[in-house]
Amino acid sequence: MNIIVCIKQVPETTEVKINPETNTLIREGVKAIINPFDMYAIEESVRLKERFGGKITVITMGPPQADAALKEAISLGADEGILLCDRAFAGSDTWATSYTLSGAIKLIKDFDLIICGKQASDGDTAQVGPGISAHLDIPQVTYVKKIEEVKDKTMRVERMMEEGYEIIETPLPAVLTVVKEINEPRLPSLKGMMRAKSAKITVWTQKELNLDPQNIGLCGSPTQVVKIFTPVQRSGGQIISGEAPEIAEKLASLLKDAIN
Amino acid sequence: MDYLLTEEQKMVRDLARKIAEEKIRPVAAKYDQSEEYPWEVIKVIAEAGLFGLFIPEEYGGMANSVMNLCLATEELSRACGGIAVCYAASALGTFPIVLFGNEEQKRKYLPDLASGKKVAAFAVTEPEAGSDASAIKTTAKKEGDYYVLNGLKHFITNGGDAETYVVIAMTDKTKGARGASAFIVEKGMPGFTFGKKEDKFGIRASSTRELIFTDCKVPKANLIVKEGMGFIATMRTFDMSRPGVAAQALGIAQGALDLAVKYAKERQQFGKSISSFQGIQWMIADMATEIEAARGLVYSTARMVDAGISGVSKESAMAKMYASDVAMKVSVDALQIFGGYGYMRDYPIEKYVRDAKITQIYEGTNQIQRNIIALQVIKEAAK
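One line per chain: the protein sequences are A and B, in this order. Counted from 1, the first sequence has number 231 at position 231 by this note's numbering; the numbering is strictly sequential. With the second sequence counted from 1, adding 1000 to any position gets you this note's numbering.
Simulated from the structure, these hints should not be mistaken for lab results. Heads up, a few of these hints could be off.
[To be verified] Simulated restraints, written as ranges between beta carbons of each label pair:
{"no.": "1", "chain 1": "A", "residue 1": "M161", "chain 2": "B", "residue 2": "D1306", "range": "55 to 61 Å"}
{"no.": "2", "chain 1": "B", "residue 1": "D1258", "chain 2": "A", "residue 2": "I228", "range": "36 to 42 Å"}
{"no.": "3", "chain 1": "B", "residue 1": "F1277", "chain 2": "A", "residue 2": "N260", "range": "53 to 59 Å"}
{"no.": "4", "chain 1": "B", "residue 1": "D1002", "chain 2": "A", "residue 2": "P139", "range": "50 to 56 Å"}
{"no.": "5", "chain 1": "A", "residue 1": "L254", "chain 2": "B", "residue 2": "R1345", "range": "34 to 40 Å"}
{"no.": "6", "chain 1": "A", "residue 1": "P20", "chain 2": "B", "residue 2": "P1056", "range": "54 to 60 Å"}
{"no.": "7", "chain 1": "B", "residue 1": "E1007", "chain 2": "A", "residue 2": "G237", "range": "50 to 56 Å"}
{"no.": "8", "chain 1": "A", "residue 1": "D110", "chain 2": "B", "residue 2": "F1194", "range": "53 to 59 Å"}
{"no.": "9", "chain 1": "B", "residue 1": "E1007", "chain 2": "A", "residue 2": "A90", "range": "27 to 33 Å"}
{"no.": "10", "chain 1": "B", "residue 1": "R1345", "chain 2": "A", "residue 2": "P20", "range": "54 to 60 Å"}
{"no.": "11", "chain 1": "A", "residue 1": "M161", "chain 2": "B", "residue 2": "E1007", "range": "44 to 50 Å"}
{"no.": "12", "chain 1": "A", "residue 1": "T202", "chain 2": "B", "residue 2": "F1277", "range": "53 to 59 Å"}
{"no.": "13", "chain 1": "B", "residue 1": "R1107", "chain 2": "A", "residue 2": "K180", "range": "38 to 44 Å"}
Only a predicted model underlies this, so the values are computations on that prediction, with no experimental measurement involved. C-beta atoms are modelled at their ideal positions from N, C-alpha and C, and glycine is treated no differently.
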């Protein structure tokens, strides 16, 4: 089973600081890591490889230093890393990103499954996985929490819902996005780390991918970030005490005042 | 301080640190209380490949060197000295096979120890043979294709949980130390059972147990080298493993200092952080300096061993003695910085004091180390 895992390098912090003037994330001084949700995608691909054999190719789009994320993926058990790196890709939104990734996947050709983390911890959009499936015109199952059964041309998975879960059978190839309930990612091994150190990361630019210039980078991105800000922390609220009718009356009057 | 580590050594250190922080620190208190063998962590260490660090590549090991073993042990010990010793004791039990085993023995036993599928133990100590290893009473009598072992070993780290044991027994009592031989004994061999499991002051995550041999039949193919080599095998093994114990002590000391500094910065008294008081600062300065001195000694010794320099008994003894004395002092001082809170089990620091103590005692008490050092220094002066 040949698997492609799409990952993203993100800043290691849940409290990303924002430059209010440029509306971009301040990355200086923050360590870059593999998006935590993508770690589950990598682990699941390694588990599938352990069961069925095959090859794991990890792809990321990003600046040259994103090759560290691909090397880490190799240390965790992936076979190969491909970095999509070109000035022309800069400023991509989720649409352009998934278009670019799908362009690389078309170039790889031979694959049975694509796995992504459910979303990136910096952007939180959860759109790139589904976007890839749309661009490639193959099925997608999002929020997968368990791979139940793998057959030659199909796969049965459990998809997490707010209450309970769905069991879905999908033909292959397909795109899965996975949630953290699916597995517990392993730590790298010494062997893997040594392999990663000597691994050569393939770099593809627009030249190799030959994508429609109108669909990549900033100009290929239909969405634009107009404003980005840290929300003001809400204050503690107010506790109204007393007998029920009394409380209701007080509450009604407070709400009335708030509306006016 | 830059320790001029190679890329490979940095990799080992970083990997061990990751395991320590993510997989050991969260469970250290649990195993300290329950005294259960930490199999879940051993599995993680095994999967990471760290059990291969003391075994040559041709037998399934990787990056085999005493320096790498020391770096790994130090990092694991920073989070828990008890869990780290389960790992280091397997190295101790493996060294006699690596150093003196024949090809057949190496092929049979080392791959499973390298993968961490099995752990090893080294059994020398007996109730009446501690520092005086020549007082061993366990006997091995040759009968046909077997040696028949009878006797009792105690205080054996990894006892009961290890699958592979190297046991020192007397094949000829009349020859004293020269009558001792080393045998590879497998768990489950007829006549090999386990006795009392010790309830310990520290390193409680590790198992320490009695081994009982009652007409235990060990195939003669499991004799290491030849009869009479037991004492030499033991001494050479300790030369290799003492830097590891020193590294364990070093890790405990560093772990205690890390906690003390963090606490000193957070703890407010008289309206400011206690780390702003000179009394605390001087303690921290002494602790940090002593740790660096110990680290210098440990790393230099490990590098000597790896360079194949013969006769490292003195340096090994110095590293073990000094690092363990530092671990004891630093952990006690670290607890002092925690004040009353440090004395409570709700805080992690008292465990470091308990874990540190054993490093001054096992693999040769620090008094025995001083004997070794003095003897060597005087001998060198006579040349």
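Right, here's what the structure says about each hint:
For the hinted restraint 55 to 61 Å between A:M161 and B:D1306, the CB-CB distance of approximately 56 Å keeps it satisfied. Checked against the hint of 36 to 42 Å, the pair B:D1258 and A:I228 passes, with Cβ atoms roughly 37 Å apart. Look at B:F1277 against A:N260: about 56 Å separates their beta carbons, and that is inside 53 to 59 Å. In this structure the supplied range 50 to 56 Å holds for B:D1002 paired with A:P139, their Cβ-Cβ distance being about 53 Å.
Taking 34 to 40 Å as the suggested C-beta distance range, the pair A:L254 and B:R1345 does not conform, at roughly 48 Å. The supplied range of 54 to 60 Å is met by A:P20 and B:P1056, whose beta-carbon atoms lie about 59 Å from each other. The hinted range of 50 to 56 Å is satisfied by B:E1007 and A:G237, whose Cβ atoms lie roughly 55 Å apart. For the hinted restraint 53 to 59 Å between A:D110 and B:F1194, the CB-CB distance of approximately 54 Å keeps it satisfied.
For the pair B:E1007 and A:A90, the beta carbons lie near 32 Å from each other, so the given range of 27 to 33 Å is met. Against the hinted window of 54 to 60 Å, the Cβ-Cβ separation of B:R1345 and A:P20 comes to about 48 Å, which falls outside the hint. For the pair A:M161 and B:E1007, the beta carbons lie near 47 Å from each other, so the given range of 44 to 50 Å is met. Look at A:T202 against B:F1277: about 56 Å separates their beta carbons, and that is inside 53 to 59 Å.
At roughly 43 Å, the beta-carbon separation of B:R1107 and A:K180 lies within the given 38 to 44 Å, and the hint holds.
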